[in-house]
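Enquirer: Spelled out, the chains give:
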Amino acid sequence: MTKEICVINRKGFHARPATVFVEAASEYTGEITVSYGKKKVNGKSLIALMSLSVPHDGVVTISVEGSDVEKTMKKLENILGINYE
Amino acid sequence: MNKTIKLSGISASKGIAFAPITKIQPLNLDIDESANHDPEVELNRFAEAQKEVTKHIETMKSAAAKLHDEWVIKIFDSHLFFIRDPALQNNVINEIKNEGVSAEWALLKVRNSLVLMLENLDDTTMSERAADLRDLTDRMIAFLTNQQWPDLSGLEEETIIAAVDFSPLEISKLDKKFIKGIITEKGGYSSHTAIMARSSGIPAVTGVMGLLSAVLQGDPVIVDGNKGSIVIKPGDEEIKSFKKINNEITKENSRLKDFINCKSLTKDKLSISIGSHLGSVNELEKIQTFGADGIGLFRTEFLFMHENRFFDEQQQFEVYQKVLETMEGKPVIIRTMDIGGDKNLPWAKIEPEANPSLGLRGIRYCLKRPEFFKIQLRALLRASIYGNLKIMFPMVSTVEELILARSLLAEESTNLKKEGKLISDNIEIGVMIEVPAAALCAEQFASHVDFFSIGTNDLIQYTMAADRMNDQVSYLYQPMHPAVLKLIKMVTDAAKKNGLWTGVCGEIAGDLEVVPILIGLGVIELSVAPPLVPEVREVVSRFTFEEMRNMAKKAMYPC
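Line by line, the protein sequences are chains A and B.
Read left to right, the first sequence gives residues 137 to 221 (the working numbering).
Read left to right, the second sequence gives residues 1454 to 2012 (the working numbering).
Below, a list of computed lysine-lysine pairs in the DSS-like style, where the Cα atoms sit at most 25 Å apart:
hint	chain 1	residue 1	chain 2	residue 2
1	B	K1827	A	K147
2	B	K1630	B	K1527
3	B	K1519	B	K1630
4	B	K1949	B	K2006
5	B	K1827	B	K1871
6	B	K1527	A	K211
7	A	K147	B	K1874
8	A	K147	B	K1802
9	B	K1562	A	K176
10	A	K147	B	K1527
11	B	K2006	B	K1939
12	B	K1680	B	K1710
13	A	K175	B	K1562
14	B	K1696	B	K1459
15	B	K1802	A	K175
Partial pick of chain A residues on the chain B-facing surface, computed with a CB cut under 8 Å:
hint	residue
16	T155
17	V158
18	K180
19	S181
20	L182
21	I183
22	M186
23	S187
24	S189
Because the hints were derived from the structure by calculation, they are not lab data.
Quick reminder that beta carbons are idealized off the backbone N, C-alpha and C, glycines included.
Work out the full structure: start from the sequences and follow the hints.
Expert: Set out below in structure tokens:
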């Protein structure tokens, strides 16, 4: 399952939101990838997510593969829909 | 092996202390690169390092949680994350499997490339993460190579710390509560370690050759910051003498109490201003305790060093506002960020230079990267209504640089007014005189500023062509050299002629022998480490201006 999601956080997708994202992603047994621009990275790696440098209002593509995809996607979508300031 | 060892160095910060030593050895990264290792063994070693370091960090995290130290807890949280991060873990595992290298070499190689990647992102907050990643992997490498990794953030007992030297970043992270004394192998009176020690009132001796090989972890040590000497494993005699000196210092301190809350006046009642340096908001309390007349030098770059990231406009504004409000109308001289030189910060992305003291630093950097500079200027202007703000620019060599900086300030002032923000119309602007060229041409600067502040640390270094951090040439670093004094006189003369005032914000402002000479040269404002304020005030009160002027003449023209 793939979905495009806009990053609400005022400072973009890193540090705090990325940490929360990775926490949630790591609980999932299947595969999660995040793409931004031409780059596609493992959604369970904080270092890799930070390397994307997604700014505020940037749109990322999240893909979830495995069981329970819809529930997981909803969870991740919620995380990106918050401003962490 | 119970022999007493005495070593000497430079008296960097006064006071005396007696406590066990915590020795900080630099991590040895001279690692075996050979490719003949058994991957299975190395994979196990890597897993073991992950497990051990996790355990260690969990322990430190719960200790920090007890102290409610949110900032430290956050650092440990990100360390815990990084330990099992797939980008780190998978790459290390691949290196071990495919190349047959040792776990430590694989880890070093992978972490170096990841740190480089994070530092090169166009995002200043990332360098903070890069520093965390480096710290964490250092810990793992230390474990894998059986090296000690003492943790100064987790200190629980009074100790004296010993190291080759500390970087400004390491210094800003030190938990000063348990640190009773500081000893370093390198550095002199003006090194960052020395400056921090003085401002915190911690006794320190720097430039102690052979220190780390002479002292063992946990050895009892006496640090005598007055004499610039240390005694390792002292005998009964030395301990007795320590107690005696310690008593005398306590007595002297109570005598100086009278000078905490009085005006700074010469014997003939000429008013002088004795302010303090400030590096972080935490030091404000100290500044009030010792009764400073104001803040003579707020080193704003230390804000960014402390957390290893740039502060945005709002964050900077809040800091400046707090400082101005706390000082309740007393003068607060804020220096715009002086990065570069020996204060390189990862986010500032200054290319390595062959000669950083003569390179891109101070105002040069700010004019080159106005996007950072403008943020600071806006924050300063917005905070100006909360107190008596004075702004000064560091490392200015030519009048053109000063005019450019002032025009950026004027531009941001106009912008803010358009946005409806209030700005004080009473902000004095000054220029730091640290470059001999600026001292020689002080007259030209006079019509563009309200005051001069002589940054003697750099002025001495540039005038004498002697690196202040280099022990080999420290004999040339002479604050009282007639060449230095004559330059200072040129500045005070230019100030007087044009109705300006002159301050000194280098370390010599706190040197009790130099203080009367500076005032005799026409300096009317001094900025010193907070604990030195009462002593300097006492010295000033002992002489009339005429007496000090004669002392200055003699020093300038020795026969």
